[in-house]
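Asker: Sequence:
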Amino acid sequence: MPRIFIAFFGLCSLGLWGQGGILVQPIAGEMDFAGTFGELRSHHFHSGVDVRTQGQTGWPVRAVQDGYLSRMVVRPDGFGWALYLRHPDGHTSVYAHLDDFQPAWHDLALARAAASRSTRLDLYFEPHAYPVRAGDTIAWSGNSGGSAGPHLHFEWRDTGTEEPLDPFDYGMLYGDDSYAPRIVALHTADGQKAPVTSGGWTTPLRVQSWQDLSAEIKDKKYPQGLNLGIEALEVHWSWGEQEASHGFHLDRFSFDDTRCADGLMQPQVHRRTGLRTYRLAPSLGALPIWSAPEKSVTMPGRYTLTVTARAVNGDLAIARGPVDLLPGNGHPWADPEVANKVDIQSGERVAEDLRMIWSRGSFTDPLVPELVKTGERSWKASPDVPVLRALRYEWTPPSDYPTAWRSKTVLIGRDGRGSYRIVGEPLSDGRIRFNMKLYGTLTLVQDTEAPTFTTLKTATFQGRQAWYIGLRDNLLDITQYGAEIDGTWTWSYYDAKNKRLYIPKGTQTSGAMKLFAQDEAGNRTTFEGTLP
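Those letters in the sequence shown? Residues 1 to 532, per our numbering, in order.
By construction, these hints were calculated from the structure, which means they are not laboratory data. In this text, all values refer to a predicted model and were calculated from it rather than measured experimentally. From the three backbone atoms N, C-alpha and C, an ideal C-beta is built for every residue, glycine too. Please note: incorrect hints may appear among the correct ones.
[Stated by the list, open to error] BS3-like mimics (lysine-lysine), calculated; alpha carbons at most 30 Å apart, straight line: (1) K193 / K220; (2) K505 / K437; (3) K193 / K295; (4) K218 / K437; (5) K220 / K497; (6) K499 / K457.
[To be verified] Label-pair ranges, simulated between beta-carbon atoms: (7) E163 / P402: 44 to 52 Å; (8) L326 / D89: 49 to 57 Å; (9) A104 / G20: 22 to 30 Å.
I would like the entire structure built from these sequences, with the hints used as guidance.
Answerer: Quick look at the structure:
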């Protein structure tokens, strides 16, 4: 898409400084969305709104309010190319996965990179050093960092607390909606499913705890659109002449609590079906967004449940049906000995040469942790429960374990929500320590293999001529990389998603190129060649 640099002079003349909220939409025209605020993602809540760009990059991105550039980030993963603008009403807007910054800020980024000889940037600026007016083009949309496809990730934050807020509460326009939200089915942890038809279900679901019950909810902007999240949920119980209700409204959260998404999502249903369903009762360590029911709903018996979900635009989906709450019979959520004495305390487990240590409040669900050795370098921690805080694993290598491997030992962990790879930290007493927010199957390997380069070629990067070369690692992330032309440091950018290292051509079109790359375990490689 052609790039057009727009200074929004009409809006500037209105004197918007001091007014609050999102006064200009970040993308012109009616916006479509690939994700909304607070959606359940694996290991986190979605912290903003994803604006679709029809599979294209290069759409003008606009400042939503007067303010100034407070932060600039360039990294191969995460947000990729990102800008942070601070506004006088106490909010910060964030624009991520960008293709490029506006020309002056692009030059600023490269100048700071050259001064520090750094390819990763995380720059902070003095107030008002780089002012913007509402509607100014500050960047172009892209697909950088960990983006799964071209779009703009937009956030609206409380500047004081840095907590992300729901942008739709502050002036972001949702636009027309032609698809009503619906509750598709109710699910239980043990595999029961009650499809919702005509607003309800008739066959009673049987559960031993309300945390085992979850709702599958779908909302879209239009029938062919992508599934979006909800902003609020209410559960109403009625039994005999009594009734009670509780629910949540997610309009802000702290990044320290973002892993609570794994607890709001029913983990057993997700592991079995891949569906991200909403629990109908809070987990341990839940966000403080839940209201408390007016009466206790722990007595076994038949209940009529009414579940109400509210979409971003205010539309409601309602489903009603019977649920039998059974006696706990040792079920973790119904067993005070487990729920109140095990999970909330710190503890450890040892399986021969591996020690697992957890701190208070580490898990979303009550459990009695178990750790079993399943192979020479493998273990299984059970049951499969999401983790809120990092667990510490300490491995004691055998006496003949090569010294050269100690700093290159990698713990691979997998659970029902994903996987992690962590390089260990050698300790002075011979053990190797790993801090990992995962509890599942565990495998130890050694990574002594350096990243590899392919062939140097020409390409276009950010609309400019560049060279690129394939760059990948067999197991870990590439943490350091760089380029020199005829011995002079040269700016380069690693597209981790597509495994390409880009080197913009600038004024030099010939000479000797030297590249290096290093992975998380310190394995390093170099490439030398002549510019094509």
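Asker: Each of the hints needs a verdict: does it hold here or not?
Answerer: Quick rundown of the hints versus the structure:
Distance hint between K193 and K220 is fulfilled; the C-alpha atoms sit about 22 Å from each other, no more than 30 Å. About 41 Å separates the Cα atoms of K505 and K437, which puts this hinted pair outside 30 Å; it is violated. Distance check on the hinted pair: K193 and K295 sit about 27 Å apart at the alpha-carbon level, within 30 Å; holds. Pair hint K218 plus K437 holds up; C-alpha atoms about 29 Å apart against a cutoff of 30 Å.
A threshold of 30 Å between alpha carbons decides the hint, and for K220 with K497 the separation of about 28 Å falls inside it, so the pair holds. Of the supplied pair hints, the one linking K499 and K457 holds, its CA atoms being roughly 14 Å apart against a limit of 30 Å. Judged by the Cβ atoms, the range 44 to 52 Å given for E163 and P402 holds: they are separated by roughly 47 Å. The hint said 49 to 57 Å for the Cβ distance between L326 and D89, and at roughly 52 Å that hint holds.
Distance hint check: the CB atoms of A104 and G20 are about 27 Å apart, consistent with the given range 22 to 30 Å.
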